[in-house]
Amino acid sequence: MGAVANDDVYRAITLYMTGVLSKEQTLEALKIRKLFNQMVFATEHSLQYLHFETREFV
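Going letter by letter, the sequence shown gives residues 1 to 58 in this note's numbering.
Don't read these hints as lab results, they were simulated from the structure.
Keep in mind the model is a prediction, meaning the values are calculated, not measured.
Virtual Cβ for every residue (Gly too), placed ideally from N, Cα, C.
Check each hint, because a few of them may be wrong.
[To be verified] 20 Å max Cα-Cα, derived EDC-like pairs, lysine to aspartate or glutamate: (1) Lys-31 to Asp-7; (2) Lys-34 to Asp-7; (3) Lys-34 to Glu-44; (4) Lys-31 to Glu-56; (5) Lys-23 to Glu-44; (6) Lys-34 to Asp-8.
[As the list claims (entries may be wrong)] Okay, the calculated beta carbon distance ranges per label pair: (7) Tyr-49 to Leu-27: 38 to 44 Å; (8) Leu-47 to Asp-7: 43 to 49 Å; (9) His-45 to Gly-19: 45 to 51 Å; (10) Thr-43 to Asn-6: 40 to 46 Å; (11) Gln-38 to Thr-14: 18 to 24 Å; (12) Val-58 to Thr-14: 28 to 34 Å; (13) Arg-55 to Asp-7: 37 to 43 Å.
Let the sequences and hints guide you as you build the complete structure.
Following this line, the structure appears as structure tokens:
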């Protein structure tokens with residue numbers, strides 16, 4: 001389990017590399033706003049421990 005990479009990181013780096021953002025603006029854009037966690041099940045064996053409980057439409 002770990003933090004989820006955010007598309008804003010790629011966007012900020014791209015804007016910096018193309019000269020749109022300054023170093024200071026880029027560092028501000030890269031500050032963590034809110035952390036979200038994700039879990040990775042990388043093997044078939046790990047998937048055996050999962051089971052569906054419910055779904056929710058949002």
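*Earlier hints that do not hold, by number*: Violated: hints 3, 4, 5, 8, 10, 13.
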